[in-house]
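Student: Work out the full structure, taking the sequences as your base and the hints as a guide.
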Amino acid sequence: MKKKTKTIKVDYLARVEGEGGLYIKMKDDAVVDVKLKIFEPPRFFEAFLRDRDFREAPDITARICGICPVAYQMSAVHAMENALGIKIQGPLRDLRRLIYCGEWIESHVLHIYMLHAPDFLGYQDAIQMAKDHKAIVERGLKLKKAGNEIVALLGGREIHPINVKVGGFYKVFSKNELNVLSENLKWARDAALETVRWTAKLPFPEFEQDYEFVALSHPDEYPFNEGRLISNRGLNIDIAEYENNFVEEHVEHSNALHSVLKGGGSYFVGPMARFNLNFKRLSPIARQAAEEAGLKGVCQNPFKSIIVRSIEVLYACDEALRIIESYEKPDRPFEEMLPAEGEGFSCTEAPRGILYHRYKIDNQGKILEAKIVPPTSQNQKTIENDLYKFVPKYIQLPQEELTWQCEQAIRNYDPCISCATHFLKLDIERN
Amino acid sequence: MSGKTKPKLAVWKFASCDGCQLSLLDCEDELLAITQEIEIANFPEASRAVVKGPYDLSLVEGSITTPHDAERIHQIRRSSKFLITIGACATSGGIQALRNFKDVNEFISIVYATPAYIDSLQKSTPISEHIKVDFELRGCPINKMQLVEVISAFLKGRKPNTPAHSTCVDCKRRGTVCVMVAQGKMCMGPVTHAGCEALCPTYNRGCFGCFGPKETPNTSSLSSEFNAMGADNDEIMRAFRGYNAYAEPFRKESELHEKENKNH
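Those protein sequence lines, which keep their order, are chains A and B.
Residues in the first sequence are numbered from 1 upward in steps of one, following our numbering.
Residues in the second sequence are numbered from 1001 upward in steps of one, following our numbering.
Just so you know, the hints here were simulated from the structure itself, not pulled from any lab data.
Heads up, a few of these hints could be off.
What the hints assert, rightly or not - In silico DSSO-like links for lysine-lysine, alpha-carbon gap of 30 Å or less:
| id | chain 1 | residue 1 | chain 2 | residue 2 |
| --- | --- | --- | --- | --- |
| 1 | A | K35 | B | K1185 |
| 2 | B | K1262 | A | K371 |
| 3 | B | K1172 | B | K1052 |
| 4 | A | K87 | B | K1185 |
| 5 | B | K1008 | A | K366 |
| 6 | B | K1081 | A | K131 |
| 7 | B | K1008 | A | K142 |
Tutor: Quick look at the structure:
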């Protein structure tokens, strides 16, 4: 009997950051190949960071991604400070958490309202969704703006902020200047709680999976800039051990390197990993909202990541308010950093998951070597694995509908292709 | 509005960080109003829906770095009545144009284990090297209010009001004390195109040239000043070799200092 082949193809994936596509090939309802294709052109950051001054890394690496520049700046400054053996403490450390709160809010809300929710409600985009759900889309835009306002004040502007430097900031603010953010943030915290309740009611496909979640873990706080790397399967390492535990593979169909656990295979980074591994360190209001949404510290269905992102937005608003409340202006905006030979490691929690940086610098402060592993490279293999399992379950759906669901399964990860090529295009082929 | 068709807007991406097109979605207060006036016909980052061309207005982000993209930009020009580049990548080649000063094959082997899988041109080039561009909006990233101005000007059929003077002038306009004179910090403000409202000096740092060269910039005079302040050739070279490194006045100045650096 002749075998029937079927393909699903998406040439250019929409509502993701950057250029990619999908190709799925099936033989008699069994998936034989899944390729998350990344044709976003490579930009070679790790190469042209060589010979630049160590102080230039936060501004240069920010340009890897217009959606999460703060993440690149945070990983860069912490890696350089690690190389120089300096740890930033006190209000400067708090201000770094605060600017990261702003980026989490801005990036998560963009994804929740403009990129992901239209899938659940059957709209091509948020603009169409606004025709039927104007108040919801307007709430999303206003909430996103509350995050951008933090970044714009602390960073100077929303995209590619200019105020972050190795050692601290170029300029710091008085408590009164930060207090300006509070009124909107109080509204934002309420709107974030509404967002959790709204996303919890969306229709979700049954798709509970067993993943290895990897995230930072810190004894006292929900992680942004600091902690050990842990997983639900026993990984527990210092950041300097990262490259002994993870390896990047270069595959033909992607301009983004695939990152896998040595001997372990694919793993899962991002909001769900952070949430599952750090639930008890969320603030009480965020924990309570999660429990009301039916997520008591465990979420194994990537389609529900939209709820988890909303919980993190709620947390970030709450945490931002806490930081502003307890803030006292530091004596100076930065610690002086003199160049010295060394190697530094850092991992911070970008909105999409862990972002690893490593640099070697010489005694003049010149960068000799740079290595950057963005969250999307780490999730690529997990995204492909999800599709292997998802497609057979929903194979009876008409092609157009199945294709859309596959796109949605990819968007669960909020993939950032611009990041991953320092990544996406969908073909489903049926045999 | 009844019976009137809205002009069609398309947003295109080449090698870039997505930040400039994100600026459109960052217009939280203006976005829904803009969509009342203009049909978003092709904007993959925001929508699955694709309306066929031709398009009345195309916004192009990113630089040309692959043989395929060098072909694709011509198709986009053919389907666009009016084409505007947005940001430093599309206008001058962007940060990835740093490859233009090195051997790209060496770069590929530094980042990728199997260089044969990578298809990349030797140089990262601005859109205007490939096709006719109707207007260039500067910045790394662009200023979103300037983007709203450019779209509004297009809708009304007038020239966009985006001043071409230097960033230095904007500091004077804002009353910011000069960071070069008062704090001895290197500042690219005198040679850099306006657009950011002279942001960096209000945060105690010198301009680092996100908006690229202004018209007729006196780069050599600024270099002499940097030199007098104690900067060496490598530092001066790096100052000009940033986010608009391949824009001609900046490129020439950085090459001069690279040469002098090697001669020493």
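Student: It remains to establish, for every hint, whether it holds in the given structure.
Tutor: These are the hints, each one checked on the structure:
{"no.": "1", "hint": "A:K35 - B:K1185", "verdict": "violated (50 Å)"}
{"no.": "2", "hint": "B:K1262 - A:K371", "verdict": "holds (27 Å)"}
{"no.": "3", "hint": "B:K1172 - B:K1052", "verdict": "violated (47 Å)"}
{"no.": "4", "hint": "A:K87 - B:K1185", "verdict": "holds (26 Å)"}
{"no.": "5", "hint": "B:K1008 - A:K366", "verdict": "violated (48 Å)"}
{"no.": "6", "hint": "B:K1081 - A:K131", "verdict": "holds (28 Å)"}
{"no.": "7", "hint": "B:K1008 - A:K142", "verdict": "holds (26 Å)"}
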